[in-house]
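Participant: Next come the chains, spelled out residue by residue.
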Amino acid sequence: MDDLRGTILDYVRKEYLEEDDDRPLTETTRLISGGIVDSFSMVSLKRFLERKYDVKIPYADASPEAFDTVASIAALVERLAAVRA
Amino acid sequence: METAALPAVASFRDVYRAELESIRAGGLFKEERFIHDPQGAEIEVEFPAGAPPRKVLNLCANNYLGLSSHPRVVAAAHAGLDRRGYGMSSVRFICGTQDIHRTLEGRLTEFLGTEDTILFSSCLDANGGVFEALFGEKDVLIADRLVHASIVDGMRLCKAMTDTYKHSDMAHLEEKLLEHADKRFRVVITDGVFSMDGDLARLDEIVALAGRHGALTFVDDSHATGFIGRTGRGTPEHFGVLGKVDLVTTTFGKALGGASGGCVSGRRELVTMCRQRARPYLFSNTLASVIVSGTLEVLDLVSETTQRRDRLEENTRFWRKGLVEAGFDVKAGESPIVPVMLYDAKLAQELARDLFDEGVYVVGFFFPVVAKGQARIRTQLSAAHTREQLERALAAFVKVGRRHDVLGKTKAELLARCGL
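These protein sequences, in sequence, are chains D and C. For the first sequence, the numbering used here assigns the number 1 to the initial residue and increments by one for each residue that follows. For the second sequence, the numbering used here assigns the number 1001 to the initial residue and increments by one for each residue that follows.
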């Protein structure tokens, strides 16, 4: 779980922003409601997190609200990892 | 009970009035303009409502080949009306299939270089029905991020997993194909020509990549059928992959006469499955005979000569060059969709309004039709435009562009002006 937020930020930047997209991206940037990630593209983020952190994110938890910021995504992953532990 | 219902009614009105007001306040409210004559390069438009109609040059129609009001198409539609009647009052599989429906499906199969075709009332219906009919939980749909809204809707209706790749980014697409290698079918989904940017999908590379990974390919060629490719057979012809795309959807509502109707064309088994399972086909009325008759005539016209698509290419070159030389920020591309980038929604609307006053009918496009900060005026060429008309339109663009000080300005300069 080292630098969980940084890892997610890097993934979001690489996966969802175009090379010439210089929008600032922070832990609190709105990803879904801000139009950076759409509901279709969320699947790759979900799969990335599941593989990287060895957690299973139930569909009920993979809501647009839970995936709307890097901070909320990190909180979700930490909660699921704690349950698993 | 009656008194209890009243507050709810008042409440829904309040909710929607407030929402509509916020759309207006944001400058995003869409208004219709009333056209008083047949579709064409120059039309009589009443705008605002109640104003006397005035002649304007039309640079926003999908009338790419200028066939929307072609005398032969109109005559064929009249003849179809006389011979096959007005309506069928049925879906296809009950009692809504006439001989001409199957004839048109055969002609489209031949024209598109596929194995079979099924008609829909629109391409929106085709895109809305095709994925749910063919794919399920074991499959993944991998779409370019700029595909048309109707594809997005169709994918939402399907139980397959969905994913996207960066616009026309083949390396990213390959990553996705590898990532989803565990799926039964991986379907790569793209527009042939992207409707807002006007660029062409890299279809030769997509087909090759899909082939290497054993994936299926899907192309919506609505903004290409009839004029892209040497004989107008669309992006598969342009990229030398005719017959190699598994599923093609397209519309008759643009270059092919512009009325309505669409189809899914492709591998025989997939098309046959659509005939069994596609809900817009099963639960919506058959395509009207008058449209079928008109579209058959259009296919005759586009098969007889390439003169119209050649003219369209010339017009596109002239228009694109003129705008670039004048200093407009124009999206690169080769299709007759030529977007003039303004980035700011308000600026796009102001330019469109002033251009209308100068006798040129164009529309500003902004969020949610395009991404925020990507507002533009989408100009569309037609084979029906004369050189004189395009010169006149160009002069109007230059005049209005100068007035708004957008000529020669970079994206950063335009964005800075509107505080973005």
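Worth flagging that the hints you see were computed from the coordinates, not collected in a lab. As the structure is a prediction and not an experimental result, all values here were calculated from the model. Just so you know, not all the hints are guaranteed correct.
Below 30 Å or equal to it, Euclidean Cα-Cα: the simulated DSS-like pairs (lysine-lysine) are [as the list claims (entries may be wrong)]:
1) Lys1166(C) with Lys14(D)
2) Lys52(D) with Lys1166(C)
3) Lys1331(C) with Lys56(D)
4) Lys1331(C) with Lys1346(C)
5) Lys1159(C) with Lys46(D)
6) Lys52(D) with Lys1159(C)
7) Lys1331(C) with Lys52(D)
8) Lys14(D) with Lys1331(C)
9) Lys1244(C) with Lys1166(C)
10) Lys1183(C) with Lys56(D)
11) Lys1138(C) with Lys46(D)
12) Lys1055(C) with Lys1244(C)
13) Lys46(D) with Lys1183(C)
14) Lys1331(C) with Lys1244(C)
15) Lys46(D) with Lys1372(C)
16) Lys1183(C) with Lys52(D)
17) Lys14(D) with Lys1030(C)
18) Lys56(D) with Lys1159(C)
19) Lys1166(C) with Lys56(D)
20) Lys1411(C) with Lys14(D)
Pulled a few chain D residues facing chain C out of the computed Cβ check, cut under 8 Å [unchecked claim]:
21) Glu18
22) Ile32
23) Ser33
24) Gly35
25) Phe40
26) Ser44
By construction, the Cβ of each residue, glycine as well, lies at the ideal position given by its N, Cα and C atoms.
Participant: Of the numbered hints stated previously, which ones are contradicted by the structure, given in increasing order?
Facilitator: 3, 7, 12, 17, 22, 23
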